[in-house]
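Chemist: Sequence:
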Amino acid sequence: MADEETANLLRSWGLSQDVMEKFRKNDIDCRALKELNEDDVSSFFSTLGQRLRFRSGLKSLHPVVQPVVLGIGPDTPVSRPTLLDIANFLIMFRIVR
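Residues are numbered in the working numbering as their position in the sequence shown, beginning at 1, plus a constant of 33.
These aren't lab readings, by the way, just hints derived from the structure by calculation. A virtual CB, placed ideally from N, CA and C, is assigned to each residue, including glycine. It is possible that part of the hints are untrue.
Derived CB-CB ranges, DEER-like [as the list claims (entries may be wrong)]:
{"hint": "1", "residue 1": "I124", "residue 2": "L85", "range": "34 to 44 angstroms"}
{"hint": "2", "residue 1": "N59", "residue 2": "L81", "range": "15 to 25 angstroms"}
{"hint": "3", "residue 1": "G82", "residue 2": "E37", "range": "23 to 33 angstroms"}
{"hint": "4", "residue 1": "E38", "residue 2": "D72", "range": "22 to 32 angstroms"}
{"hint": "5", "residue 1": "S93", "residue 2": "D72", "range": "17 to 27 angstroms"}
{"hint": "6", "residue 1": "S49", "residue 2": "N70", "range": "17 to 27 angstroms"}
{"hint": "7", "residue 1": "I124", "residue 2": "D36", "range": "39 to 49 angstroms"}
{"hint": "8", "residue 1": "L94", "residue 2": "S49", "range": "17 to 27 angstroms"}
{"hint": "9", "residue 1": "N70", "residue 2": "A120", "range": "23 to 33 angstroms"}
{"hint": "10", "residue 1": "S49", "residue 2": "I119", "range": "38 to 48 angstroms"}
{"hint": "11", "residue 1": "T115", "residue 2": "L85", "range": "28 to 38 angstroms"}
{"hint": "12", "residue 1": "Q50", "residue 2": "I124", "range": "48 to 58 angstroms"}
{"hint": "13", "residue 1": "W46", "residue 2": "L117", "range": "30 to 40 angstroms"}
Dumping the calculated DSS-like pairs for lysine-lysine here, alpha-carbon to alpha-carbon at most 30 angstroms [unchecked claim]:
{"hint": "14", "residue 1": "K67", "residue 2": "K55"}
{"hint": "15", "residue 1": "K92", "residue 2": "K67"}
{"hint": "16", "residue 1": "K58", "residue 2": "K92"}
{"hint": "17", "residue 1": "K92", "residue 2": "K55"}
Between the sequences and the hints, there should be enough to build the whole structure, so can you do that?
Modeler: Here you go:
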């Protein structure tokens, strides 16, 4: 069952009681909340405004990581790493040889 912490969080984001009830019925707690994908999000919200408020709130839960080692600043656009990027990272930190 969705917990009171989740309900308070959704309420603080300006989401309706109807949305909170859907989360409760689907047993979505704060931990599960962070794992929702775009299809899940679309099924829970009937309006674009609710989806936008939810996405904005969810972004606030995920702190932005700024890897200083790679020289990425707060205004640097970040894209998904390629397999080569991952391989270089693993080699650089001697995780693999």
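Chemist: Check the hint pairing K67 with K55 against an upper bound of 30 angstroms on the C-alpha distance.
Modeler: Holds - the C-alpha atoms of K55 and K67 are around 16 angstroms apart, at most 30 angstroms.
Chemist: Is 15 to 25 angstroms a correct range for the gap between the Cβ atoms of N59 and L81?
Modeler: With a Cβ separation near 21 angstroms, N59 and L81 satisfy 15 to 25 angstroms, so the hint holds.
Chemist: Take a look at whether the Cβ-Cβ distance between S49 and N70 falls inside 17 to 27 angstroms.
Modeler: holds (21 angstroms)
Chemist: Could you check the hint for me, namely that I124 and L85 are 34 to 44 angstroms apart, CB to CB?
Modeler: holds (41 angstroms)
Chemist: Do N70 and A120 keep their Cβ atoms within the hinted range of 23 to 33 angstroms?
Modeler: Taking Cβ atoms as reference, N70 and A120 lie about 27 angstroms apart, which means the hint holds.
Chemist: Does the Cβ distance between T115 and L85 fall inside 28 to 38 angstroms?
Modeler: Hint holds: Cβ distance 31 angstroms, inside 28 to 38 angstroms.
Chemist: Honestly, do I124 and D36 meet the 39 to 49 angstroms range at C-beta?
Modeler: Holds - the Cβ-Cβ distance for I124 and D36, about 43 angstroms, lies within 39 to 49 angstroms.
Chemist: Quick one, are K58 and K92 close enough, alpha carbons at most 30 angstroms?
Modeler: holds (23 angstroms)
Chemist: Between W46 and L117, does the beta-carbon spacing fit 30 to 40 angstroms?
Modeler: holds (38 angstroms)
Chemist: Quick one: are E38 and D72 within 22 to 32 angstroms, going by C-beta?
Modeler: holds (24 angstroms)
Chemist: Is the distance from the Cβ of L94 to the Cβ of S49 consistent with 17 to 27 angstroms?
Modeler: holds (19 angstroms)
Chemist: Using the Cβ atoms, figure out if Q50 sits within 48 to 58 angstroms of I124.
Modeler: holds (52 angstroms)
Going through the hint list in order, the structure satisfies each hint without exception.
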